[in-house]
Amino acid sequence: MNWAALAQIGGSLVAILLISWAARSMGLGGDVRIRDEAQARRLANEAVDGFDPVDIVVDRAGIGALLKDAAGRHVLLRRHGAQFVGRVLDNHIEARLDRNFLTIGTGERLLPTLTLDFGTRAQVWAAGLRVLRI
Amino acid sequence: MSHALPNPVDYAVPFFIALIVIEMIWAKRRAPEKYEPGDMLTSLMLGLGSTVASVLTGAAVVGMALWAYHYRLFTVPWTWWAWALCFILDDFAYYGFHRAAHRVRWFWASHVNHHSSQHYNLSTALRQTWTSFISLGFLFRMPLFLLGFDPAMVLFCAGLNLIYQFWIHTEVIGRMPRWFEAVMNTPSHHRVHHATNPRYLDRNYAGVFIVWDRMFGTFVREEDEEPVRYGIIKQLGTFNLLWSVFHEWIGIARDVWRAPWQHKLSYIWRVPGWSHDDSRDTSDRLRARWVERRGSSSLRLPSC
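Same order as they appear, the protein sequences are chains A and B. Start counting the first sequence at 912; every next residue gets the next number (the working numbering). Start counting the second sequence at 8; every next residue gets the next number (the working numbering).
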């Protein structure tokens, strides 16, 4: 690699950092939230093809949701930047209940645990998740 | 090589950056959620890393091109019609490569990072692979050298092809005029290509000319009633750069390690999503389920 190539790469890196800083300064990305159960249902169906929930609980701040289908599968929706990602939960999950708050980890190292406020329904859902770990 | 030509992409980079800034301003006014700073940073770093990888492996690729050219069947002259023919045939070679990049997991492992963003904007265009040399994707252009096209001409055309594909990574443009949509790859056609909706999966592989997809039965038009959702079937859920680059390679390694001996190679060369115990979904299966849910028996299901 010659000096010209190194200078080009260095210049590109500076430009990338400047554009990224500009994107943050402009407030791009917005503040996306799950508004209601209907949206959570749609997002889960998109994330896991054909997933048809029979029970849904949405975090009070709208940053995540838990959904369960008739077969007992649980899907966790979580905010990722300006989008949402969904994961089918399995026996690798971790779940901790603290009054109205349920902290859930998927077992994936790069997806940090997520604490969701499910209000009075948190206990019921925590019990449902405990079954998955058996 | 008889001629030395610059890499046209080097000259296009300032225009790429200017257009990204313009699109960001559009997003700020119309739809701030269309751009996500973390996602954009990952995309641009993938582009930079891809450039570094090209610098490191470029000499080897050119060496192999020259080697193939040495055994050429003909010598294509350095004239206007040869340039036009070269551009068209290079685009056809790109179609073949791109189709394989979606239908063979080994090639997909390299190509997937172009698709792993859940956004679709001009920064997504720069989300290029770091591992194309490992995946051997450059082999798809070898027939052109063997036919007798000068490697400098082919590589220049490949650069022009890449530049063309930049502007189609946008939601700012709806549809182009009908005649243009009929022949050329457009933002609308390429949005379909980046979709995770079952009806759109693994379609519209074209680089410049959409006619290849129309010819080989892999074309699907964007439908207004079904907005495109972007990304991959199992969204990454992280902006981690290294995971974005290597996650599918790691997935292959894990699968090959765990699979019974008779199935190990299948995890490399079969379609992404294939598994020996049928526990995963391929794009064909997802589409078949979608058709079943719609109760439509009239939809053609080409297996590509």
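Simulated from the structure, these hints should not be mistaken for lab results. Backbone N, C-alpha and C fix where the C-beta goes; we use that ideal spot for every residue, glycine too. The reader is advised that the hints may include incorrect statements.
Across the chosen pairs, the derived CB separations fall in these ranges [stated by the list, open to error]:
no. : chain 1 : residue 1 : chain 2 : residue 2 : range
1   : B       : I275      : A       : V1042     : 32 to 38 Å
2   : B       : P267      : A       : R971      : 45 to 51 Å
3   : A       : W932      : B       : R292      : 42 to 48 Å
4   : B       : D17       : A       : D947      : 47 to 53 Å
5   : B       : L146      : A       : E948      : 49 to 55 Å
6   : A       : G941      : B       : I180      : 41 to 47 Å
7   : A       : R971      : B       : A260      : 37 to 43 Å
Sample of chain A residues with no beta-carbon within 10 Å of chain B, all distances over it, derived [to be verified]:
no. : residue
8   : A918
9   : G938
10  : G941
11  : V965
12  : D966
13  : R1007
14  : R1010
15  : F1012
16  : G1018
17  : E1019
18  : T1024
19  : R1041
Chain A residues, not near chain B, derived (Cβ > 12 Å throughout) [stated by the list, open to error]:
no. : residue
20  : G922
21  : A934
22  : D960
23  : P964
24  : R971
25  : G997
26  : E1005
27  : L1008
28  : T1014
29  : T1017
30  : R1032
31  : V1035
Tested hints:
Look at I275/B against V1042/A: about 37 Å separates their beta carbons, and that is inside 32 to 38 Å. For the pair P267/B and R971/A, the supplied restraint of 45 to 51 Å holds, since their beta-carbon distance comes to about 47 Å. As the Cβ distance of W932/A to R292/B is approximately 43 Å, the hint placing it in 42 to 48 Å holds. About 49 Å separates the C-beta atoms of D17/B and D947/A, a value consistent with the hinted range of 47 to 53 Å.
For the pair L146/B and E948/A, the supplied restraint of 49 to 55 Å holds, since their beta-carbon distance comes to about 50 Å. Distance hint for G941/A and I180/B: a CB-CB separation of about 22 Å, inconsistent with the stated range 41 to 47 Å. In this structure the supplied range 37 to 43 Å holds for R971/A paired with A260/B, their Cβ-Cβ distance being about 41 Å. Every beta carbon of chain B lies more than 10 Å from that of A918/A, the smallest distance being close to 12 Å; the non-interface claim holds.
Remark: the non-interface label on G938/A conflicts with the geometry, its nearest Cβ contact in chain B lying 6 Å away (cut-off 10 Å). With a least beta-carbon separation of about 4 Å from chain B, G941/A fails to lie farther than 10 Å from that chain, contradicting its non-interface assignment. Consistency note on V965/A: stated as away from chain B, and its beta-carbon is indeed over 10 Å from all of that chain's, at 17 Å minimum. Consistency note on D966/A: stated as away from chain B, and its beta-carbon is indeed over 10 Å from all of that chain's, at 21 Å minimum.
With a closest Cβ-Cβ approach of about 20 Å to chain B, R1007/A is found to remain outside the 10 Å limit, as its non-interface label requires. Listed as a non-interface residue, R1010/A keeps its Cβ farther than 10 Å from every Cβ of chain B; the least gap is roughly 27 Å. With a closest Cβ-Cβ approach of about 21 Å to chain B, F1012/A is found to remain outside the 10 Å limit, as its non-interface label requires. No Cβ of chain B approaches the Cβ of G1018/A within 10 Å, the least distance being about 12 Å, so the stated non-interface status holds.
The Cβ of E1019/A sits about 7 Å from the closest Cβ of chain B, inside the 10 Å cut-off, so the non-interface label is violated. No Cβ of chain B comes within 10 Å of the Cβ of T1024/A; the nearest lies about 13 Å off, and the non-interface call holds. A cut-off of 10 Å between C-beta atoms confirms that R1041/A is not in contact with chain B; the least separation is 24 Å. Listed as a non-interface residue, G922/A fails to keep its Cβ farther than 12 Å from every Cβ of chain B; the least gap is roughly 9 Å.
Its beta-carbon lying about 4 Å from the closest one in chain B, A934/A breaks the requirement of being farther than 12 Å from that chain. With a minimum CB-CB distance of about 5 Å to chain B, D960/A fails to clear the 12 Å threshold, and the non-interface call is violated. Separation of P964/A from chain B is adequate, the least Cβ-Cβ distance of about 16 Å exceeding the 12 Å criterion. Look at R971/A: its CB is around 21 Å from the nearest CB on chain B, clear of 12 Å, so calling it non-interface holds up.
Its beta-carbon lying about 8 Å from the closest one in chain B, G997/A breaks the requirement of being farther than 12 Å from that chain. With a minimum CB-CB distance of about 16 Å to chain B, E1005/A clears the 12 Å threshold, and the non-interface call stands. Listed as a non-interface residue, L1008/A keeps its Cβ farther than 12 Å from every Cβ of chain B; the least gap is roughly 23 Å. Against the 12 Å criterion, T1014/A stays outside the reach of chain B, whose nearest CB is about 17 Å from its own CB.
Not every C-beta of chain B lies more than 12 Å from that of T1017/A, the closest at about 9 Å, which undercuts listing it as non-interface. The beta carbon of R1032/A sits about 24 Å from the closest Cβ of chain B, which is more than 12 Å, so the claim that it is off the interface holds. Every CB of chain B is more than 12 Å from the CB of V1035/A (nearest about 26 Å), matching its label as outside the interface.
The structure fails hints 6, 9, 10, 17, 20, 21, 22, 25, 29 (numbered hints given earlier, in ascending order).
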